[in-house]
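Protein chains in written order, with full-length UniProt numbering: chain A, 1 to 370; chain B, 1 to 370; chain C, 1 to 370.
Just so you know, not all the hints are guaranteed correct.
Intra- or inter-copy, both count: the list cannot distinguish identical chains.
Said to hold, decoys possible - Simulated pairs of lysine to aspartate or glutamate, EDC-like, Cα-Cα distance not exceeding 20 Å:
id: 1; residue 1: Lys240; residue 2: Glu126
id: 2; residue 1: Lys129; residue 2: Glu236
id: 3; residue 1: Lys97; residue 2: Glu236
id: 4; residue 1: Lys240; residue 2: Glu127
id: 5; residue 1: Lys240; residue 2: Glu212
Honestly, the hints are just simulated from the structure, not real lab data.
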Amino acid sequence: MDFVSLFITDFIAQLQSPTLAFLIGGMIIAALGSELVIPESICTIIVFMLLTKIGLTGGIAIRNSNLADMVLPALFAVVTGIAVVFIARYTLAKLPKVKVVDAIATGGLFGAVSGSTMAAGLTVLEEQKIPFEAWTGALYPFMDIPALVTAIVVANIYLNKKKLKESPELAMEESLSKQPVAAGDYPSTRQEYLSQQKDPDDNRVKIWPIIEESLRGPALSAMLLGMALGLFTRPETVYKSFYDPAFRGLLSILMLVMGMEAWSRVGELRKVAQWYVVYSVLAPFIHGLIAFGLGMIAHYTMNFSMGGVVVLAVIASSSSDISGPPTLRAGIPSANPSAYIGASTAIGTPIAIGLCIPFFIGLAQAIGGK
Amino acid sequence: MDFVSLFITDFIAQLQSPTLAFLIGGMIIAALGSELVIPESICTIIVFMLLTKIGLTGGIAIRNSNLADMVLPALFAVVTGIAVVFIARYTLAKLPKVKVVDAIATGGLFGAVSGSTMAAGLTVLEEQKIPFEAWTGALYPFMDIPALVTAIVVANIYLNKKKLKESPELAMEESLSKQPVAAGDYPSTRQEYLSQQKDPDDNRVKIWPIIEESLRGPALSAMLLGMALGLFTRPETVYKSFYDPAFRGLLSILMLVMGMEAWSRVGELRKVAQWYVVYSVLAPFIHGLIAFGLGMIAHYTMNFSMGGVVVLAVIASSSSDISGPPTLRAGIPSANPSAYIGASTAIGTPIAIGLCIPFFIGLAQAIGGK
Amino acid sequence: MDFVSLFITDFIAQLQSPTLAFLIGGMIIAALGSELVIPESICTIIVFMLLTKIGLTGGIAIRNSNLADMVLPALFAVVTGIAVVFIARYTLAKLPKVKVVDAIATGGLFGAVSGSTMAAGLTVLEEQKIPFEAWTGALYPFMDIPALVTAIVVANIYLNKKKLKESPELAMEESLSKQPVAAGDYPSTRQEYLSQQKDPDDNRVKIWPIIEESLRGPALSAMLLGMALGLFTRPETVYKSFYDPAFRGLLSILMLVMGMEAWSRVGELRKVAQWYVVYSVLAPFIHGLIAFGLGMIAHYTMNFSMGGVVVLAVIASSSSDISGPPTLRAGIPSANPSAYIGASTAIGTPIAIGLCIPFFIGLAQAIGGK
């Protein structure tokens, strides 16, 4: 069949899948002014259960699979996470009215991964009965952490270079005087801990605290807990009787909430420079295509499944919504959170879920169906 | 078998059904002073899931069924909803110590539908293995909205007539001066929006804002979202794996909460005029019998199932507990909420669930079993 | 096979069971500083569902079983509950730096039962496919209430004797003046109600209010509601479709929370006298062994299953975490809550779940496997 028509047919069919339908439904009822509210505590436990389930799936799968198969996809996840930050540094940061640190932070957030988007991607693949390796969910941290670390390191190198160029003596003073202000701005002790990463004596960025901070966030720690339990214990009974059957249903509620939130945040776009809008629309596709291309290499060399390639692309097209922002806020305190968070949650996430998931599945099926 | 003995046997058997047992259990533990509390956020998500499930069931059923079958029951639902308001206008409103606007508002609330009561009715029917058309849940808005619209229109016509009769000039002034007080009394912007419906220049009531307000409430918007998803997308997987199996269990928790609440509100009855108590006890049976009679017409002419007749009667005997009160409060600001809400939640709802559901099922089985 | 090696093999295998794995996982992520939080409202509904399910299981089982089988185990539960208090009175209370009333209150808390620990025990038995009588969960109140009543009675007898010995006239005055202070300290009306139990005129403790207070707590009232519904109604459909399948999964989340809490409360140990730590470590094993020994009598005389013996031992090794503390605080207002609550939640509960459950299962299997 014709590549384009096959792609379009498939794209439209996927919008009827429960996962995407609930997302679009959420947008529509929010647009119509519905007073429906899902309590915050329910969203918290849903995110916990989804990520624990993804972790358990990954952990059990890794226990039962060949670790060698994972090496190349994991490596490509790391490469993509780092590449996304440099793309933002050399495209978005060069545009008019865009501050360089804001652009780097935005790149970090778009390189980091959204657990909800990944959950949606895995579920749509299952709904379409497209097979993929069960451990692909475990690729999450391999892209998430490198992206955040790279963004914070690149931003700090830039800030130090800039200060030394402008006024070498003043830079040192400012660096010393700015620390307490940043610490006061952020309420938790994490800030104090992370602020130590930028040591004014040697001007080098310490990487380990950034990694530790990422791992401690609620999203990654739920997922890694699930992975550890899947790897080292026998959670199969509770997985089959509880986490697995509840997954799709809980995801449908979360998709509804994300649709409503995305609509309610459309207003935030006005506050953001126009170029952020352009970036947020294009970036999910570009990042996804890079990961899709790398995934195809693994497909041809290591027999990585086409479903797995789609998962890698969806992870790349997603931008972090839970754990990324606090890490970046602590790591690059001079960047403007309304710039990077607005771009990600109001445009990046709905595009990644509503358009990129069907796009990459359609692409995979069109390639596979040729 | 004898009609009466068959009816009584069946009535008692139904009180052992999980749904009604949890309601009665909730009343008993509240009466015994139990300190058990179900968190508010849990009740919210349970109501959302129940109504989304009812909507999904309806939507999927409508997609797969003959629309012509629905016309007569839907029409009868509209007729019942309107009739209930006029019954209150010409019975309750004529009684001593009862204000006419309060009586009309009470009629509106008893004409409107309770999602929880309907959910209980559908579940008891399933528990008793009595077949009914899957789309009957979709009759909800056909009775709910006409009742609320009629109550608000009738109340405003009455208020305008009264004012013109008493003092034509003063009426206009009062109408103008009362608006801001009412708006200040009610915290949301909905009030301001709805208060525009009563335009002092032409003294006519605008109907569309009342409908819009009803549709935006959390109960109806969850149900209509479910219906739309059932009609236009393919939610069968998530329906079968999540919303359908969780339904009865979640309902049992909600019934427990409603039982406890009903008991704790028995004290509110003292504040309400005695005639409200008489009305609240009789109305669910009378409204249900009207709908039951109309349903029997559809049964004999259109082959509408006896189970469907029971659903129609249960919807009619129920009174709105979530979405109705704010709509009425905004639409008839001069009515006393403690009158109509007290009558509905403290007496109407427990009677509808605990007595009317077994009554109408018993009636249907006694008629069917003759 | 050798008794000791069989025991050790089995002990290690059980730490891989989902229930214990989530407990240990919770401790580990808390120790690593994870920011994961499970909302309070979710924990409340989980506890409600677990105890309702245990009650339903027990109620349905009692309805279908021979009541005579229950007499001996229930009697042994009562004996153990009372014995635990007297053990604390004649061991912990005699130690240096330990106040006698604090020791008695601690004994009451360790004699009372934890619903979460019992739920964990029942689940691990199921995971290990060890059969036990379904009604064993119903032994809970037979140990819980006698322990709390005994503790309050023994403490008040001690306090009255002490005052009469020290200064017969002053004792009476103090007894009268202390009442309002205690009542002011505790916010609810329960306090006022319970404070009436100690009538200054006859110095006797009234037992019925203590029993009533225990039955009204959220844990016991959920369980007794479930039992009553299981006994007198037909909840099998909702039990099989909802409460039973959700049980293990919900328990896994609660175990995670309890693991995180246990870790975060390790710091509280410093405030408690060292002897409380020794007591809290040894008591769960000693109490469990007493119940295990009594259970073995029922095993040999009444054919009580080995699984049932383990349940009795686990109930005895558990200490109350939800309903016990408020009852004791009201019944023995002069005892220091930080002493008995710290000992129970920081040490007693994790030891009971993490060590005693595998210990008693291992013991039962080693005896059975000989």
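Item to check | Homomeric proximity label, Lys129 with Glu236: Cα distance no greater than 20 Å | outcome: The answer is between: 15 Å across copies meets 20 Å, while 22 Å in one copy does not.
Next on the checklist: When Cα atoms must be at most 20 Å apart, do Lys240 and Glu212 count as within-copy, between-copy, both, or neither?
Outcome noted: neither (31 Å within a copy, 41 Å between copies)
Next on the checklist: At most 20 Å between alpha carbons: which applies to Lys97 and Glu236, within, between, both or neither?
Outcome noted: neither (53 Å within a copy, 48 Å between copies)
Next on the checklist: For Lys240 and Glu126, with the copy left unspecified, which applies at a CA distance of at most 20 Å: within, between, both, or neither?
Outcome noted: both (16 Å within a copy, 15 Å between copies)
Item to check | Intra/inter-copy verdict for Lys240 and Glu127 if alpha-carbon distance must be at most 20 Å | outcome: both (18 Å within a copy, 13 Å between copies)
Hints 3, 5, counting from the list given before, are not met by this structure.
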